[in-house]
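Those protein sequence lines, which keep their order, are chains A and B.
Under my numbering, read the first sequence as residues 1 to 177, first letter to last.
Under my numbering, read the second sequence as residues 1 to 275, first letter to last.
Derived from the structure by calculation, the hints contain no laboratory data.
Heads up, a few of these hints could be off.
[Claimed, not checked] Here are the simulated DSSO-like cross-link-like pairs (lysine-lysine), alpha carbons at most 30 angstroms apart as the crow flies:
| no. | chain 1 | residue 1 | chain 2 | residue 2 |
| --- | --- | --- | --- | --- |
| 1 | A | Lys137 | B | Lys176 |
| 2 | B | Lys205 | A | Lys137 |
| 3 | B | Lys77 | B | Lys89 |
| 4 | B | Lys46 | A | Lys137 |
| 5 | B | Lys77 | B | Lys216 |
| 6 | B | Lys89 | B | Lys216 |
| 7 | B | Lys214 | B | Lys164 |
| 8 | B | Lys205 | B | Lys176 |
| 9 | A | Lys137 | B | Lys252 |
| 10 | B | Lys252 | B | Lys77 |
| 11 | B | Lys89 | B | Lys139 |
| 12 | B | Lys89 | B | Lys179 |
| 13 | B | Lys252 | B | Lys205 |
| 14 | B | Lys238 | B | Lys252 |
| 15 | B | Lys89 | B | Lys238 |
| 16 | A | Lys4 | B | Lys216 |
| 17 | B | Lys176 | B | Lys164 |
| 18 | A | Lys4 | B | Lys46 |
The residues making up each chain are set out below.
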Amino acid sequence: MYFKIFLNFILIVISSLIQFSFISILPFGLDNFNFALVALIVILLVSSFSTSLWWAIGVGFLLDIYSFLPFGVYLACFFFTVLVANFLLVNFFTDRSLYSFLALIFLSSICFNFLFYFFIYFLEIFGVTPAVVVLGKIFWINLTWQIFFNILAVFVLFYVVNFVSQRLRPVFLKRKK
Amino acid sequence: MLKVKTKNNIFMFVAVIGLLIFLHFLRILNPIERAIIYLITPAAEKIYSVGTDLRTAVNEQTDKRDLLSVVKNLEAKLNQLTIENSQLKTMGEENEKLRQQLKFFSKNNFNYTLANVVSRGALDDSLNQGQAVIIDKGKRDGFSAGLGVLNSQGAIVGKIIEAKENISKVCLVTNKGCKLAASIQGQNDQKTSGVVEGDLGLTIKMDFIPQTEKIKIDDIVITSGLESDIPAGLVIGKITQVDSNSNEIWQKATVESLMDLGNLTIVSVISPAVK
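Let's have the full structure, built from the sequences with the hints guiding it.
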């Protein structure tokens with residue numbers, strides 16, 4: 001039990017560090033990859049809803065510490081995105097196929113970005129953050145790159161998880177003759 | 001029954017998030033945040049350094065094709081600079097002798113503090129196209145908004161725009177929101193003042209240059225010293241294009257930074273010396 005908590009804690013720190021220090025320096029396009037979001041969605045798929053929410057809090061908290069946005073923006077965005085992703089997973093993408101997961105990460109990426117820039121825009125109105133051009137050309141280019149790399153990552157991870165675990169494999173009931 | 005349990009779970013998580021935000025603004029979480037930053041910043045520096053190496057490798061691969069023509073141009077420039085260097089050395093020696101005779105003391109009232117770059121901002125900086133970096137020192141080390149930031153060669157790369165207790169955000173000179181008071185080192189030691197500002201995250205634009213001033217391509221742009229926290233004479237870049245329309249009151253120039261701002265790992269921050 002404690003080992004599992006400790007392992008999750010270490011993985012949360014590593015995921016945050018990769019997002020914060022590694023992906024941000026990568027060449028144009030790749031620097032938009034939302035590794036933290038992909039990690040949360042994969043956790044939601046292979047583990048449980050509550051584990052994914054703990055991850056959202058952990059990753060959000062660490063990114064908020066290093067962010068110059070008001071504290072809580074990442075926490076709130078990751079949390080609400082996991083809520084939306086879980087709602088979609090439970091009510092629509094129930095067949096656990098590759099296509100469902102790709103659709104799920106696609107919608108989650110859109111949800112995260114709109115929530116994130118909604119918060120920035122909202123804070124900008126009240127003068128908390130400096131003015132940025134939300135929904136401008138750069139926003140759409142970045143979003144496209146982010147969705148592309150997020151989908152690619154989930155595509156690869158789906159086969160990796162399938163290779164090492166039975167969790168994502170469909171279950172067929174056999175009728176006894 | 002299951003739905004009620006899930007609902008309760010969600011409320012618990014909302015309460016946790018609310019509590020974290022509340023405690024942060026009450027500064028109760030400050031020691032924990034400081035400890036986390038203290039513990040994970042060394043790892044962040046290492047990971048950032050690996051990312052920088054990877055980025056450099058990719059850029060080098062892309063630039064290989066243009067390398068031959070660049071080498072030829074550089075050879076010509078090297079010859080020119082060797083001549084200039086020998087002249088400057090002679091002048092430097094003369095200057096040193098004169099200073100000794102006049103018992104001249106250096107008026108350098110600035111301190112330089114080294115800092116490591118740990119990130120280019122997580123996802124919040126994507127609209128700025130990565131034209132800001134986060135360094136591992138902040139208010140505790142005496143950093144505040146407006147202080148100049150230099151690279152390892154001593155050229156100015158940007159200035160601090162925001163400082164937290166343990167980290168600071170530096171806008172790079174190519175960032176649209178980053179403005180610096182600058183002057184152009186023209187021929188015959190003539191100096192033209194203006195303001196430089198980043199343009200599209202790629203180049204730097206210098207504005208408010210009077211039409212009467214003569215500027216040309218390859219002139220060096222330096223800091224003018226009009227900002228209290230940034231000394232004069234720090235190299236910003238060189239002019240690559242001059243936009244001089246006679247109908248306009250001011251001239252504009254496009255300035256290119258002399259160094260690759262994508263490879264910054266260690267920087268030094270200039271702070272006024274405590275008297």
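Hints versus structure:
1. Straight-line distance between C-alpha atoms of Lys137/A and Lys176/B comes to about 16 angstroms, which keeps the hinted pair within the 30 angstroms bound.
2. At roughly 21 angstroms between alpha-carbon atoms, Lys205/B and Lys137/A fall within 30 angstroms of each other, so this suggested pair holds.
3. Simply put, Lys77/B and Lys89/B have alpha-carbon atoms about 18 angstroms apart, close enough for the 30 angstroms limit, and the pair holds.
4. Pair hint Lys46/B plus Lys137/A does not hold up; C-alpha atoms about 33 angstroms apart against a cutoff of 30 angstroms.
5. Note on Lys77/B and Lys216/B: the hinted pairing holds, with a Cα-Cα distance of about 17 angstroms set against a maximum of 30 angstroms.
6. Proposed proximity of Lys89/B and Lys216/B is supported: the alpha carbons are some 26 angstroms apart, at most 30 angstroms.
7. For a cut-off of 30 angstroms, the pair hint linking Lys214/B to Lys164/B is broken: about 43 angstroms separates their Cα positions.
8. Straight-line distance between C-alpha atoms of Lys205/B and Lys176/B comes to about 9 angstroms, which keeps the hinted pair within the 30 angstroms bound.
9. At roughly 25 angstroms between alpha-carbon atoms, Lys137/A and Lys252/B fall within 30 angstroms of each other, so this suggested pair holds.
10. For the proposed pair Lys252/B and Lys77/B, the alpha carbon gap of about 26 angstroms is at most 30 angstroms, so the pair holds.
11. Of the supplied pair hints, the one linking Lys89/B and Lys139/B is violated, its CA atoms being roughly 40 angstroms apart against a limit of 30 angstroms.
12. A distance of roughly 33 angstroms separates the Cα atoms of Lys89/B and Lys179/B; the hinted pair therefore is violated under the 30 angstroms criterion.
13. Restraint check: the Cα-Cα separation between Lys252/B and Lys205/B comes to about 7 angstroms, which is no more than 30 angstroms; the hinted pair holds.
14. The suggested pairing of Lys238/B with Lys252/B holds, with an alpha-carbon distance near 13 angstroms, which does not exceed 30 angstroms.
15. Taking the CA atoms of Lys89/B and Lys238/B, the gap is near 22 angstroms; set against the 30 angstroms cutoff, the hint holds.
16. The straight-line distance between the Cα atoms of Lys4/A and Lys216/B is roughly 65 angstroms, outside the 30 angstroms bound, and the hint therefore fails.
17. Of the pairs offered as hints, the one joining Lys176/B and Lys164/B holds, with about 22 angstroms between alpha carbons and a cut-off of 30 angstroms not exceeded.
18. Straight-line distance between C-alpha atoms of Lys4/A and Lys46/B comes to about 26 angstroms, which keeps the hinted pair within the 30 angstroms bound.
In summary, the numbered hints that this structure violates are 4, 7, 11, 12 and 16.
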